[in-house]
Amino acid sequence: MTDAKYPRSEVKKDKCKGCGLCIAACPKKVLVFSPKLNSKGYHYAEYAGSGCVGCGNCFYSCPEPDAIIVYLRDYDPEKEV
Amino acid sequence: MRKTVLRKPKGFNDVYKHKPGAEKDRTHYCPGCGHGILHKLIAEAMEDLDIVDKTILISPVGCSVFAYYYFDAGHFQAAHGRAPAIATATSRANPDKVVISYQGDGDLAAIGGNNIIQAANRGENIAVFFVNNAIYGMTGGQMAPTTLEGQVTTTTPYGRNVDTDGYPMKMCEVISQLTAPTYVERVSLHDAPHIRKTRNAVRKALLNAKERKGFQFVEVLSTCPSGWKMDPVKSMEWVKEKMLGMYPLGVYRDKGEEAKVITRPVPILEPGTVWEKLGISAEADVDFPRGDVPDEYRKMSIRVAGFGGQGIMVTGQALASVALEYGYNVSWLPSYGPEMRGGTANCSVNIQDGTIGAAEAVKPTMLLAMNRPSLEKFEKTIVAGGTLIYNSTLIDIEPERTDIKVFAVPITGIADELGNTRVQSLVNVGAYAAITGMFNVDHVIELLPKLFKGKSQTIIDLNAKAVKAGFDYVKENF
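Residue numbers (the numbering used here), protein chains in the order written: chain B, 1 to 81; chain L, 1001 to 1478.
Simulated from the structure, these hints should not be mistaken for lab results.
A quick note: this is a predicted structure, and the numbers were derived from the prediction, not measured.
Fair warning: there could be bad hints in the mix.
Examples of chain B residues toward chain L, derived with CB under 10 Å [what the hints assert, rightly or not]:
no.	residue
1	5
2	16
3	46
4	47
5	55
6	60
7	63
The beta-carbon is built from N, C-alpha and C at its ideal position, and this holds for glycine as well.
Throw the hints in and build the complete structure from the sequences for me.
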């Protein structure tokens, strides 16, 4: 099932600088540039909504510390501290 | 424990509170900057290796100068190229800490070239992350030592010409020629698999650093989309196509199991112990009661100037040392040419009760001029109402200023009469004591054995006469 809730990539749109490195690094091509602009004027990256396999490439390719969060397959929000 | 979520690592500060402006939740780096990627890998490794609370990061000059905004670590920011020197001191003074030196290619390979080689050669317990993006990024994309042959930069508009600019500097190869380094690897950020390899290299270097296994050097091929004038994705391709050929990836040195834990002599950090070693009392004791010092002489900024060999520095040191015994705050700052004797020399001395700011006496309240060039040069710098003492034996001109107090004292002559020109310094101190009322001559004489530690009694006695002679001359003539 590729449309399960997790794994899932989440881009914080206002922290994204629109460099596109996550989009290039995504093996499943499930990250895309938004046609919209964020508060800084960048076309931010966004998750297409399904298809993430939780590889983490987008997270590690992203130069911003806090622009991308990847929830892996075993993620359980109940267990989050 | 396996991670179930990848998010901002704990090696970063929650909020970048020292970063100016409103955006304290994101970096200053340009879109697609390799620094950000490497920062994340380091911050993650800091968290995973549980060294957040024991990491000290030395930031360089370059775009990553602001690493201190982001990392939840102790920080020093070093002068250009000097991060390995600061890291050396930090590591030796804090043997239980993990010290990271983060440098760019202009910083490490150009201006700091020798710093990194010496630190590597000593096998300092530091982890160096060397970001190679083939240009000076922060200053606008000039040629760096690592710029590729033919690469166009703002300072090589026709491309780097090896006949005039030399060849790209391969730092991993250079460093791995040395015996001491423990681990040397070149990695790249140009795609996700290589970012993973970089991640492993970062972790290995930091683990070694945590275990104090000597010098770790990780060169990271990175991008500068702004400086290269390319979009971030294209710039990653450029690294792959152009840089990998010149800078082969791989491990250049790994001592592995043979890596030793390197321990240095234990530093002395107890002030009391340091003072004891230096023969100084740890107590801020005041040996002498102060006399009646007129207000104008209570905050002294003194320039002592002459030529080398006239005892300029000794005069300054003696003034400062004696004032210390009266409980003043003092500073002494020498300035002289490369010659030991015969060149021009001067020093600045501050004596006051408050905190001393700049040590240089730019606008002195007192000038002690020992020869004519010094008088000519510094007379105009004395503050209005200040004091000039000049050596009338050697200076055959009159001072021009009328808004200062002037004392013409034949300092060299007085010393010669005592049989040794070299006692001029203490003649100066005697004259100073007489003019300012700050020192009691007997106190100065009492201190002479301390000032001239290891000198014979004859010399001490002669200097005692010199102090008295300088003092008496001023008292009798002014």
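Enumerated hints in conflict with the structure, sorted upward | Result: hints 1, 3, 4 break, sorted rising.
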